[in-house]
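J.: Chain by chain, the residues run as shown.
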Amino acid sequence: MRFLLLVFLFLASPLWAIPTQENCTDCHGDVKKTASHQGVSCNDCHTEIAAFPHKEKPAPPTCSKCHSNASDSFKKSVHTDKGLNCISCHNVHNAIKANDCTSCHSKSSHATLPSRAKHLATLNCTACHGVPEKSGVTATIILPAGASLNKKDVDNDGNGFIDETEWHALEYLLEHKFKGSRIDRQYWSYGNIHGITPKPADCSECHEKRTRFATATAKINGEAGYSIPMEPGIFIPEFPSLHDFEKTVHGKQGVTCTDCHTSQQKISDGVCILCHEKVYHTYKDSLHGKQGSALCTDCHNPHLIKSYKEYNAKQRVAVCSRCHKDYISKHKWLPNTALHFKYLECTSCHSPGSEKSMVFFFQKKSGDKKTALNYVDIEGAFGHDIKVQSVINKYTEDILKGNDIGNLLQDLNKKMNNSVSIDAEIVVTKVHHDYSVTRLKEKDCVVCHSAQASFYNSAYLNLPGKEEHVYAPVKGTVLSTYPLAMAMDIYLLGEQKITRDDLSTLLHKAPEDWTSYIKGLGFKLIDLAGICLLILALLGCMVHALLRILVVKR
Amino acid sequence: MKKVYLHTLTIRCWHWINAAIIILLTITGIQLRAPGTEIFAKSLGIWVPNYTNAVLIHKYAGFALAAAFLFWLVYVIISGSYLRHYLFRPSDIPVMVRQARYYVIGLFKGEKNPFVSTPQGKFNPLQKLTYGVVLPFVILVLIVTGIPFSNIFFFRDTIESFGGIRMLDALHVIAAYLCLLNFLVHLYMTTMGHHIFDHIKAMIVGYEEEEEEEEH
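Chains as they are written, first to last, in this note's numbering: chain B, 1 to 554; chain H, 1 to 216.
These are computed hints drawn from the structure, not numbers from a lab.
Keep in mind that a hint or two might mislead.
[Unchecked claim] Restraint ranges, calculated between C-beta atoms of paired labels, are given here:
hint : chain 1 : residue 1 : chain 2 : residue 2 : range
1    : H       : K59       : B       : V431      : 33 to 41 angstroms
2    : B       : G540      : H       : R98       : 48 to 56 angstroms
3    : B       : N407      : H       : V74       : 27 to 35 angstroms
4    : H       : Y188      : B       : V447      : 51 to 59 angstroms
5    : B       : I535      : H       : I23       : 33 to 41 angstroms
6    : H       : R84       : B       : D513      : 47 to 55 angstroms
[As the list claims (entries may be wrong)] SDA-like mimics (lysine to any residue), calculated; alpha carbons at most 20 angstroms apart, straight line:
hint : chain 1 : residue 1 : chain 2 : residue 2
7    : B       : K497      : H       : L178
8    : H       : K128      : H       : Y51
9    : B       : K332      : H       : L178
None of these values were measured; they are calculated from a predicted model.
For glycine and all other residues, C-beta sits at the position ideal for the given N, C-alpha and C.
Put together the whole structure using the sequences plus the hints.
T.: As structure tokens, then:
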């Protein structure tokens with residue numbers, strides 16, 4: 001009797017009541033599972049069903065048991081607020097993809113999105129409507145079969161980063177030297193796709209604050225493929241922001257939106273001329289203005305207009321290279337082309353009417369990279385909220401001299417672990433808008449590599465201020481600053497070399513003028529005497545050889 | 001014709017290595033002195049290094065020249081070769097005049113070369129003066145003025161003692177022109193052997209072919 005009772009109790013136990021997969025398919029035979037759920041049994045998700053017969057409408061499956069991260073994000077998303085759950089998008093019982101956004105949002109017009117077609121074609125929905133963990137732009141350069149692109153032609157200055165000017169030069173190179181090549185741009189983002197936000201990302205997140213798509217990489221495919229990080233702003237232009245506009249030259253001068261935007265039309269030069277009449281005529285009457293027919297806004301972004309003094313040489317070159325992408329190949333004649341473009345802007349040569357100066361600046365070394373000092377560095381060295389002029393006054397009450405700059409450099413190095421060095425650029429400090437001079441025939445190093453070059457008479461020290469850079473005039477030149485004098489002097493050695501012009505001038509002089517002209521040549525006499533000596537020796541050898549052939553009898 | 005052993009293997013190896021260095025220095029030196037030469041050379045289809053590489057090549061070839069010069073100096077002194085072949089003595093002066101006269105006049109009259117190279121003395125007095133005195137001095141000036149250019153900051157005190165970088169440049173270039181002049185004349189003089197390539201052949205194999213002296 002006791003045994004029969006035990007058997008009865010065992011058979012009646014709930015263990016026998018838990019349904020198995022086979023039990024479920026007895027009724028739900030048409031239900032399938034996606035590949036990712038093949039190893040998961042029905043009860044793993046439908047945990048509420050513990051016995052037969054189950055409720056007619058059991059509770060939804062508990063996805064969070066396995067997908068806790070996605071589930072947590074989803075609970076905070078706008079989709080939860082709208083009453084959606086996992087199966088609204090993910091149909092785990094059918095071997096089909098999860099529903100994509102367009103299943104519900106097929107009529108999403110994005111009518112107010114600027115450059116709508118471009119944005120919709122390049123971005124996935126969650127790039128703006130989600131919170132991507134990682135995002136960026138990858139520009140894949142696909143070269144014709146068998147072609148390879150030298151790293152130096154991509155990263156001209158060899159700093160391991162492609163800036164705007166280098167990208168322009170690369171575009172030109174691909175177009176002209178690698179016919180059939182193409183650039184594929186991919187704007188990628190991934191990460192948390194379940195936390196769809198109530199409001200999409202603000203334009204400023206990509207175009208101003210750069211909290212998304214803050215990095216870009218160029219991938220060069222070819223026989224030896226490689227990648228180089230690059231400036232993301234090349235693909236994602238900066239957005240005019242009202243906040244930043246106040247800091248621009250226009251903003252500070254009290255220019256308001258409606259001063260320029262008098263209609264919905266894109267603004268023309270007619271708007272700029274209202275304030276910049278003189279400059280406008282100088283430019284429009286110049287060869288560049290007539291033939292290039294570029295508008296003011298082609299070079300100047302009125303929403304971000306900064307004083308040219310805020311730009312360094314490279315940033316200035318970037319403006320011209322938007323159109324003049326071939327600037328590197330056009331300057332192949334120039335020794336150390338990339339090095340010259342690091343220290344010069346285009347208008348240093350192509351705008352004779354502009355005033356050029358030697359502008360010194362401090363830079364700090366961090367790892368292998370050197371970057372110009374910013375205001376935070378100045379604050380760190382001289383105190384919070386310090387005025388740049390008061391820093392200068394610490395070293396001189398008068399105009400800065402070489403020694404004062406040397407002392408300033410020394411103090412900066414004490415505060416910044418000897419990471420600061422001084423460098424200089426030859427840039428325009430007073431702009432003249434006539435860029436007609438091409439200087440196609442004038443390829444004379446001594447125009448710049450000469451103590452007589454105009455910029456030696458105009459020197460400034462550029463220090464970063466709280467709002468704008470301060471150009472402190474420097475008396476004479478800083479060339480006396482040790483050991484910079486040495487470096488500068490070596491570049492002036494060009495003056496000691498005789499040029500073709502010197503020789504042709506000499507040949508065109510009447511014999512009576514030769515003596516005075518030769519006396520004035522100075523160190524160039526070495527070349528003149530050397531070349532003459534070599535020519536005489538060569539002629540001597542030739543005559544001797546000729547006589548040997550004709551006269552000597554063996 | 002008899003074969004005379006004039007150049008040891010060491011000297012032959014040194015000579016051709018030195019020649020390669022001088023050629024490199026000449027090409028890159030011209031580039032440094034006249035920027036843009038590479039564009040002209042390329043237009044003629046001649047390969048030359050670009051300016052940046054030319055600077056580097058010139059620098060390291062300069063160091064190689066200094067090493068080669070030091071090697072030569074030590075070798076010719078220790079081996080006694082300097083005393084035997086290079087040392088210019090007062091008694092050489094009359095021979096030097098005869099030698100010069102031979103190159104200018106005698107050669108065309110069919111006269112015999114007043115000097116015959118032997119293993120006991122392979123250079124005529126003109127060569128002794130050039131290879132033993134003038135050229136070592138010129139090369140020394142080139143090296144001494146060239147080394148400070150390799151790192152102008154490191155050698156700044158030395159440069160100042162030369163009278164500044166401009167003076168240093170002037171000295172270096174004067175020496176370079178003299179070296180180039182020697183190179184040119186040297187190349188021409190290699191053709192003055194019994195046959196046109198005899199001297200070059202001798203610098204490769206070590207033996208020079210000379211006419212047998214007539215017995216009296």
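J.: What hint numbers does the structure not satisfy?
T.: Result: hints 2, 3, 4, 5, 8 and 9 break, sorted rising.
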